[in-house]
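J.: One-letter residues, chain by chain:
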Amino acid sequence: MARGTTTAKTTAKTKTKTPTKPGAQRRGRNTGSAAVTLTVIVIVVLALTALPLCLLVIGGMLPTAVAVVVDRHQRRYLARTVGAMNLAGVMPGALHMWEAGITFDSLQQVINSPYNWLVMYGAAAVGWVLYFCVPPVVAMVIEVRVDETKHRLEAQAKALVEEWGEEVTGRKRDG
Amino acid sequence: MADQQVETGTAGKPPVRLGERFEIHPDRPLPDLRSPNAAGFVAVDRDRPTASMFGLVCDADQPPRHDVLAALHGLRSEALLAPHEWGVVDWPATGRRHFAIIFDRPTGGRVVQSLTQTVAPMHEDELIHHVLPPLIVSLRDLFAAGFTHRAIRPNNLFWRDAAHRTLALGDCVSAPPAVLQPVVCETIESGMAMPAGRGNGTPSEDLYSLGVTIIFLLFGRNLVASLSDDQILAEKIGRGSYYALLRGERLNGAIIEVLRGLLTDDPRERWNVQDVEMWLEGRRLSPKQPALVKRAARPFEFAGHPFYTARALGYAFSRDTASAVRTLKAPDFEIWMQRSLCDEDRLKMFSAAVAEGHDVGAGGHDERLVARVCIALDPAAPVRYKGFSAAIDGFGTALVAAFRGRGSVQQIAEAMGGRLPQFWFSAQSGLKPELVPFLKSFERLRLHLEDRRPGFGIERIVYEMNPKLHCLSPSIEAEYVIEAGDVLTALERVSEKRKDDDFQVDRHLAAFIATRYRGAGTDWFDSLHHQDPAQRVLGALYLLARLQSFKGPSAVPALAHRLGRQLPLVIDRYHSRTRRKRLKAELPKIVGKGNLADMLAFVDNAADRVRDIQGFQQALRDYAVIDRELDLLHLEAPRRPERAAELGARYAATTASLLAWIIALSVIVTMS
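Listed in order, the protein sequences are those of chains A and B.
Numbering follows this note's numbering, with no gaps: position 51 of the first sequence is 51.
Numbering follows this note's numbering, with no gaps: position 281 of the second sequence is 281.
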């Protein structure tokens, strides 16, 4: 079945959909700035109330900061992925300090342990890995499903042509 | 001649049955009794084996006079060759069917074999006292029954007895009226018509022929044998029949009266049968003087010859149409008519002839003008157009002859389409009552002529004008089918020999069924000229199935086989391939039964047809949906990686969030 005639339509549709809506852009930018503001407030409050813990968090969440800086996506999927995993990695050290008392001694105990750094940064690395590995897998799954749909539809079309002849296509037979 | 084919190859052939009583012996021909259109054979009456009989096997090209056959059979006149039985027989020599008629065999034989033959002159007394009375009585009976003989000529006279004292008129039924008559035996009007177009005529024409025959018998020879037909006609027109036929020979005695009475050229003045009877009874009438024909004061020059009478000029015009057109377009002719001919009636008709041409189409305009002027000049003459020439009641038989290769069908169609017969009627000063039905039928037939569908046209007209003409369709012509009810039987017989030929309803077959089967609706023939071959096949099946259901026979397997070979075309009109396959698989079984109505219902079932159309429309919609979906997939293909990346990132974020929660909860649970 010839589909070449649809190329023009394709181009047109692509062109019309390419520009992002201004409202969505504004909403994304607002969300980003609100998150930054919230983060700053949390850090300031944390610094005022529990400075050692604040320092642990700042040091442990450095990969997330990097992700936030390099993530150009509107919805900041990279920052969200790395941030979530990074936060989970910081959690054991923060809980240790919580149990030992939020002091510089407990901070020193935590930061002196390479295991804690491995957990914090390793978790962040897992976030990075997730971010880079999941999209190709999803793309592959989508392609497989599209191929299946296409084959199913073509088989149905072929069956219709076999039963009702070329006339069913609405195109006149040549010759 | 076709009758010679009938005679050849008959040696050793078994007798052919005609009805329950009669047998014709193909191996015993009777050359003395054959006529130009029919071969004679010994016939035997199974109920009266000693009776002397003979059978005429007719030429298929010349339709017999069925109506006169029945009349003669009923009359049983002494001096007429009466038919005992007639019908269609299978003739072994030609391998086809012929019409055959059984007659009593005249014991004395034929008076003369041809008009060039010379015999002993008959004495006037013998003629008046022995020969004429029975002939006149027989003719009177025939005329009283409403029929004419139209075959009275010396070589169609038979001696009824071995002593050669009494005569009988020979066969007048085996061929169309007057078709075998020589010009010498015909009136001027009838002589101007082509042999096949002379028509039934009137008793007056028979009596004229009797007059010519009497001259032959009195002199024992044809006095104008040395003249050609054209010369005879010119002499008759120029000098009058009586003087033209006697050629200066002198006649004495009372016979002059009857001859002058019978050979008068004006039909109104000509003796009728009562006049002859009275004369035979001894009542002498005053001898007729030839009526004076209106002659012009000065001649009109046409084609290098001078003409004084309208009739002679009309005859000359009809024989040279191109010159006549030039003459009629010049003013001289009208001036001659006004100043020299001085015939008001002719002049009025001439004006009408010229005026009527203005409303007729362009093709053949000049020829039609000449034809109308010929009618105007000589209203009693036949309709003459482009070499075609027929009496008003001879169009039907002329058309048959044309269809059988003796004449042009196109010319007759043009003459009828150009309303020449109607103009002929308008030119008659007193329309004879017997011609009124013809006037009506010409109007009706012109409508058929203009209809181009099968079942109509000129083919329809030939059957309308010849109610007992056999079907001339090439497919069954040899089967000599006269009734619509016999069509399928004939087609079955033919199909048994030609099983592998495709079958088509040709224009003759359609017209024959339309004419002979009055129950046939005009819609029966609509599909026969459809552009789609499948529709044509369906139309043929539809027509024959209806004919079968009304007239039988119940099974025609050979014909069904021929039609069945073409039915896949009809089946292919269904959209569904599954249905097509199923129908094609089951078709041979249905065809084998030979019932055409069943075949029709099988291949063209209305409910199936509706289901098929509904199914096809649903399929069209389904296909359109599929097409749209495939288009959509195609359209989305360029954006698919981008969407996959977006979706993948979202899944990664969601997965990370879930993992983070799980890890956090696990850590809390572990440490607490």
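Do not rely on the hints blindly, as some may be mistaken.
Quick list of in silico lysine-lysine cross-link-like pairs, BS3-like style, CA-CA up to 30 Å [claimed, not checked]:
# : chain 1 : residue 1 : chain 2 : residue 2
1 : B       : Lys584    : A       : Lys158
2 : A       : Lys158    : B       : Lys581
3 : B       : Lys329    : B       : Lys294
4 : B       : Lys551    : B       : Lys593
5 : B       : Lys499    : B       : Lys432
6 : B       : Lys348    : B       : Lys294
Just so you know, these hints were derived from the structure itself, not from any lab.
J.: Starting from B:Lys348, check that the Cα of B:Lys294 is at most 30 Å away, please.
T.: holds, 16 Å
J.: Please verify whether B:Lys584 and A:Lys158 have alpha carbons no more than 30 Å apart.
T.: holds, 23 Å
J.: Sort out whether B:Lys294 lies within 30 Å of B:Lys329, counting only the CA atoms.
T.: Holds, at roughly 24 Å.
J.: Within a Cα-Cα threshold of 30 Å, do B:Lys551 and B:Lys593 meet the stated pairing?
T.: holds, 17 Å
J.: Under the criterion that the straight-line Cα-Cα distance not exceed 30 Å, is the pair B:Lys499, B:Lys432 satisfied?
T.: violated, 52 Å
J.: Holds or violated: A:Lys158 and B:Lys581, Cα atoms, limit 30 Å.
T.: It holds: about 18 Å lies between the C-alpha atoms, which stays within 30 Å.
In summary, the structure is inconsistent with hint 5 from the numbered list given earlier, while agreeing with all the others.
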